[in-house]
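So the protein sequences, as listed, match chains S and G. For the first sequence, numbering that gives the first Met the number 0 assigns the number 0 to the initial residue and increments by one for each residue that follows. For the second sequence, numbering that gives the first Met the number 0 assigns the number 0 to the initial residue and increments by one for each residue that follows.
Be careful, since some hints might not be right.
What the hints assert, rightly or not - With a straight-line cut-off of 30 angstroms between C-alpha atoms, the simulated DSSO-like cross-links for lysine-lysine are:
id: 1; chain 1: G; residue 1: Lys285; chain 2: S; residue 2: Lys50
id: 2; chain 1: G; residue 1: Lys286; chain 2: S; residue 2: Lys50
id: 3; chain 1: S; residue 1: Lys50; chain 2: G; residue 2: Lys255
id: 4; chain 1: G; residue 1: Lys229; chain 2: G; residue 2: Lys31
Stated by the list, open to error - What follows is a set of in silico ranges between Cβ atoms, one per label pair, in the way DEER data are often shown:
id: 5; chain 1: S; residue 1: Pro60; chain 2: G; residue 2: Pro158; range: 40 to 46 angstroms
id: 6; chain 1: G; residue 1: Lys229; chain 2: S; residue 2: Pro22; range: 38 to 44 angstroms
id: 7; chain 1: S; residue 1: Ala47; chain 2: G; residue 2: Ser98; range: 52 to 58 angstroms
id: 8; chain 1: G; residue 1: Asp36; chain 2: S; residue 2: Ala44; range: 27 to 33 angstroms
id: 9; chain 1: S; residue 1: Gln4; chain 2: G; residue 2: Ala155; range: 52 to 58 angstroms
id: 10; chain 1: S; residue 1: Gln81; chain 2: G; residue 2: Gly70; range: 50 to 56 angstroms
id: 11; chain 1: G; residue 1: Ala203; chain 2: S; residue 2: Arg41; range: 45 to 51 angstroms
Hints are computed from structural coordinates only; laboratory data are not their basis. Cβ coordinates follow ideal geometry from the N, Cα and C atoms, glycine included.
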Amino acid sequence: MKRPQILSFVRQSILSINPDLSPDDISESSSLTQDLSFDSLRLEALIASLKEELCNLEFTPWYVRASRRGQDTIGSLVDFIQERQS
Amino acid sequence: MSSTAKPTLLAIGSAFPPYELSQQEGYEGLFKRWYRDIPNAEQIMTQTRVQRRRMAWDPRVALASGSPGTGERMKVFAEVMVDVAGQSVGAVLESAERSRIGSFVMASCTGYLGPTPDLLLARRFALRSDLRRTFIGHMGCFAAFNALKVAMDSLAARPDELVLANCTESSSLHFRPEATAEQVVIHALFGDASVSVLLGNAPAGSGVQLLRTHTEQLYDTYELMTWTVKSDGFEMTLSPYVPFVLVEHIEAFVSKLLGPEKLSVRDIKYWGIHPGGPKIVEFISKKLGLEEAQLRATWHVLAEYGNCSSSTVLLVLEDILKQDQPRGGEYGVLMAFGPGLTMEGLLVRF
Numbered sequence: 000m001k002r003p004q005i006l007s008f009v010r011q012s013i014l015s016i017n018p019d020l021s022p023d024d025i026s027e028s029s030s031l032t033q034d035l036s037f038d039s040l041r042l043e044a045l046i047a048s049l050k051e052e053l054c055n056l057e058f059t060p061w062y063v064r065a066s067r068r069g070q071d072t073i074g075s076l077v078d079f080i081q082e083r084q085s
Numbered sequence: 000m001s002s003t004a005k006p007t008l009l010a011i012g013s014a015f016p017p018y019e020l021s022q023q024e025g026y027e028g029l030f031k032r033w034y035r036d037i038p039n040a041e042q043i044m045t046q047t048r049v050q051r052r053r054m055a056w057d058p059r060v061a062l063a064s065g066s067p068g069t070g071e072r073m074k075v076f077a078e079v080m081v082d083v084a085g086q087s088v089g090a091v092l093e094s095a096e097r098s099r100i101g102s103f104v105m106a107s108c109t110g111y112l113g114p115t116p117d118l119l120l121a122r123r124f125a126l127r128s129d130l131r132r133t134f135i136g137h138m139g140c141f142a143a144f145n146a147l148k149v150a151m152d153s154l155a156a157r158p159d160e161l162v163l164a165n166c167t168e169s170s171s172l173h174f175r176p177e178a179t180a181e182q183v184v185i186h187a188l189f190g191d192a193s194v195s196v197l198l199g200n201a202p203a204g205s206g207v208q209l210l211r212t213h214t215e216q217l218y219d220t221y222e223l224m225t226w227t228v229k230s231d232g233f234e235m236t237l238s239p240y241v242p243f244v245l246v247e248h249i250e251a252f253v254s255k256l257l258g259p260e261k262l263s264v265r266d267i268k269y270w271g272i273h274p275g276g277p278k279i280v281e282f283i284s285k286k287l288g289l290e291e292a293q294l295r296a297t298w299h300v301l302a303e304y305g306n307c308s309s310s311t312v313l314l315v316l317e318d319i320l321k322q323d324q325p326r327g328g329e330y331g332v333l334m335a336f337g338p339g340l341t342m343e344g345l346l347v348r349f
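Produce the complete structure using the sequences and hints provided.
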């Protein structure tokens with residue numbers, strides 16, 4: 000999957016998990032927890048959806064990166080998935 | 000020592016400090032003011048599933064006019080929690096042959112004084128003057144396993160002795176008023192408790208046998224949970240991604256714990272998962288396919304006492320023994336997690 004496709008898939012997943020968001024709310028710099036207010040249940044749903052699509056990729060290195068304040072952005076998630084796929 | 004003798008839990012006892020606060024009392028009396036600018040603070044506190052906690056001081060009073068210095072907080076630990084520790088130690092020494100107690104290991108990450116509390120307790124209970132003492136400090140929620148591993152090593156080296164182990168924690172003495180969503184979660188979870196155990200080598204049928212332990216350090220995740228000494232108490236940080244990391248490693252971890260005994264998850268009836276927070280328990284139980292009944296004690300301890308750091312998993316074990324009354328030969332697993340991230344596990348046979 001190429002980067003635009005990964006980004007599109009992540010955005011669609013986020014919108015399906017939180018239908019209250021509009022596509023305009025979601026940019027690459029949006030932090031899942033701080034800007035989109037994703038709680039652990041929504042994060043769990045998002046990760047489950049990504050794992051299902053991406054053959055059970057291990058996300059621990061991204062969790063480490065994402066734990067730094069404001070770093071759990073959609074862009075960093077997409078970058079991570081792309082790195083792991085290459 | 001018989002060739003079938005194994006490290007065995009001969010007695011377990013718990014004690015709690017004097018103040019009991021329901022989650023609502025804590026919120027209305029203190030946290031509502033601290034977290035007035037945090038959206039959903041009350042909802043966050045409710046979602047922890049903690050209903051009440053015991054505390055060494057009443058934070059509504061102690062923290063009403065500011066954040067006391069670490070020295071003042073440690074003074075309360077020395078005055079209140081060492082006595083609470085004495086109550087739990089006294090409970091397990093009631094019928095013990097004290098002259099056989101050769102080692103005493105104590106863990107705490109919330110209260111420091113010197114001489115260390117284990118010395119004060121050994122003196123109070125007139126334990127042997129050649130007692131081998133070990134104080135385990137600052138390791139966090141999994142430190143009961145470090146205490147138990149020291150005890151197991153002691154019993155391997157000196158098979159005829161008894162070992163006393165204790166975990167005493169007062170997280171309430173480290174409540175600090177930073178207003179962030181992360182701190183709301185932390186301040187909603189933690190409580191105080193002391194649990195003591197007496198261990199000795201014994202044949203099957205004499206008590207809970209400690210069969211084996213397993214430890215994993217996930218070194219790259221060391222920033223996800225921290226416990227830093229500040230001038231006004233200790234500060235905890237906790238990434239919301241901790242449960243996600245743990246669940247990604249739990250199956251391999253459990254395999255390493257159970258595999259050498261040729262056991263699998265299905266062979267384990269009782270699971271004591273340190274309730275660091277509800278998500279950790281929910282995620283792990285879902286991943287391992289555990290039934291709600293297997294986690295009864297875990298949820299009970301979280302609701303009734305909160306996360307009491309290193310004491311917690313021993314409270315869970317005590318509750319399993321009292322309420323579930325496992326039959327001889329049934330297996331149980333205890334697990335706890337903390338800074339590192341560190342994963343600790345213990346396989347027991349009832």
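Here is what the structure says about each hint:
no.: 1; hint: G:Lys285 with S:Lys50; in the structure: 16 angstroms, holds
no.: 2; hint: G:Lys286 with S:Lys50; in the structure: 14 angstroms, holds
no.: 3; hint: S:Lys50 with G:Lys255; in the structure: 24 angstroms, holds
no.: 4; hint: G:Lys229 with G:Lys31; in the structure: 23 angstroms, holds
no.: 5; hint: S:Pro60 with G:Pro158: 40 to 46 angstroms; in the structure: 45 angstroms, holds
no.: 6; hint: G:Lys229 with S:Pro22: 38 to 44 angstroms; in the structure: 43 angstroms, holds
no.: 7; hint: S:Ala47 with G:Ser98: 52 to 58 angstroms; in the structure: 57 angstroms, holds
no.: 8; hint: G:Asp36 with S:Ala44: 27 to 33 angstroms; in the structure: 28 angstroms, holds
no.: 9; hint: S:Gln4 with G:Ala155: 52 to 58 angstroms; in the structure: 57 angstroms, holds
no.: 10; hint: S:Gln81 with G:Gly70: 50 to 56 angstroms; in the structure: 51 angstroms, holds
no.: 11; hint: G:Ala203 with S:Arg41: 45 to 51 angstroms; in the structure: 47 angstroms, holds
Of the hints listed earlier, there is not a single one the structure fails to meet.
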